[in-house]
Amino acid sequence: MASTDKQSENSPHDEDETTLRQEAIAWVIRLHNSRMAPEDQQAFETWRAKSPTHLRVFQKVSAIWEDPDLHAAANLRAQEPSSIIHQPSAPPRRWLRHAVALAACAMLFTIAIAHYDPLTWLQADYRTAIGEQRTITLPDGSTVILNTQTAIATSFDPTARHVRLLKGEASFNVQPNSHRPFVVESQQTTTRAVGTEFMVRTQQEHEQVTVLEGTVEVSSLHDHDSPALVSAGSRVQSEDGRLGRPFSVDLPTVSAWLNKRLIVNGVPLEQVIDEIRRYYPGTIVLWNQPLRDMHVTGTYNLEDPSKSLYLLAKTFPTHMLNLANRFVILF
Numbered sequence: 299m300a301s302t303d304k305q306s307e308n309s310p311h312d313e314d315e316t317t318l319r320q321e322a323i324a325w326v327i328r329l330h331n332s333r334m335a336p337e338d339q340q341a342f343e344t345w346r347a348k349s350p351t352h353l354r355v356f357q358k359v360s361a362i363w364e365d366p367d368l369h370a371a372a373n374l375r376a377q378e379p380s381s382i383i384h385q386p387s388a389p390p391r392r393w394l395r396h397a398v399a400l401a402a403c404a405m406l407f408t409i410a411i412a413h414y415d416p417l418t419w420l421q422a423d424y425r426t427a428i429g430e431q432r433t434i435t436l437p438d439g440s441t442v443i444l445n446t447q448t449a450i451a452t453s454f455d456p457t458a459r460h461v462r463l464l465k466g467e468a469s470f471n472v473q474p475n476s477h478r479p480f481v482v483e484s485q486q487t488t489t490r491a492v493g494t495e496f497m498v499r500t501q502q503e504h505e506q507v508t509v510l511e512g513t514v515e516v517s518s519l520h521d522h523d524s525p526a527l528v529s530a531g532s533r534v535q536s537e538d539g540r541l542g543r544p545f546s547v548d549l550p551t552v553s554a555w556l557n558k559r560l561i562v563n564g565v566p567l568e569q570v571i572d573e574i575r576r577y578y579p580g581t582i583v584l585w586n587q588p589l590r591d592m593h594v595t596g597t598y599n600l601e602d603p604s605k606s607l608y609l610l611a612k613t614f615p616t617h618m619l620n621l622a623n624r625f626v627i628l629f
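All residue numbers for the sequence shown refer to my numbering, where the first residue is 299 and numbers rise by one.
If you are wondering where the hints come from, they were derived from the structure by calculation, not from laboratory data.
Here a beta-carbon is modelled for each residue, glycine too, at the ideal position from N, C-alpha and C.
You can trust all of the hints, since none of them are fake.
Simulated restraints on C-beta separations:
no.	residue 1	residue 2	range
1	P615	S349	27 to 37 Å
2	N586	D455	46 to 56 Å
3	R490	S546	18 to 28 Å
Calculated cross-link-like contacts (lysine to aspartate or glutamate; reagent style EDC-like; alpha-carbon spacing at most 16 Å):
no.	residue 1	residue 2
4	K348	D538
5	K558	E430
6	K605	E573
7	K558	E601
8	K558	E573
Construct the complete structure from the given sequences, taking the supplied hints into account.
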C-alpha cells in the first residue's frame, strides 16, 4: 500500500515496543507448551536478560496472557475454521488443536495489548501504518520515502532544513543548497547533507545510515568522537550510541525495500521473519528452534507478506498455521 498525499489516519505502534512485544508473545506461547525443550528454556532466559525493557515487556505480556476473559474468548475463537497453508507431513491432531487454541488466544491477546503511541502521534508531521510506504515532497523540493511504521517531524526555515526521524526507516533525496544544510536527527545520530541520497533506519539497539549517492556526515548524539564521512555504497551503524566505522554494502540489496522487495543472501531464517514482521498486520511466531539458524537466499514481495511466508514454508521442512490472516505459526 502506498500513499503520496494525505497523512495516514493510523498512528503506528512504536517499532521497538512492537518488535519486543511480538517476541514476548512468541515466548509466552512457547512457555505454555509442555513440549518446550531445555535449550529453548535457556534461549528464553537469555532473551529476557538482554535488557530491562525485555523484562518489562515480557512481564506485561504475561500478565495480560493470564486474563481469564481472554482465554474464554480464545476457546470460542478456536472453534472457528483455521487453515494449514503448508503441511509436509500431518502433525498429531491433538497437538494441532492445542496449537490452534494457542494461536487464537495469542491473536486476541495481540489485539488486547495493541495501543497507540500518543507522544509520537502528536510529534509527527507524517507517518505510515504497518505495510504502508509513502512519498513526501518537502518544502525545499527534497523528497522522503517513508517505509512501514515510520514517523517524521519537519522544521524548515531560511537557514536550515531539519527532519527528525521519530521511528522507522526513511530514504531522503536532498535538493542541493550549500547555504541550508539538510539535517536528519534520530535517537542516536545526526546526519548532515547538502545534496545527496541516503537512508536512515532506527531500531531497538542500533541505527544505520546508508548512502546511495554523494557523501554525508554522521555524528553520534551520545559520543563526542569525530563525525564519520560516509560515501555512496557505504553504511555506518550506531550501537548503543557509539558510532562504528563505515563499511561497504550491496546497494541493490539494502535498498530493495524502495521497490517493495526484500532481498536476502544467506541470512538466518529468524532474521528474515523479523523483517517480514514489520510489514505483516498481525503476529508471526517461529515455533521451531532448529529452523531459526537455517540460511535463506531469495527475493520476497513486501506488498504481500502472507505470500512471502507461504514461500518460506514451502522452502523449509515446516508447517504453517494461519489463523484469520492475522496470526501465523511456523512449526
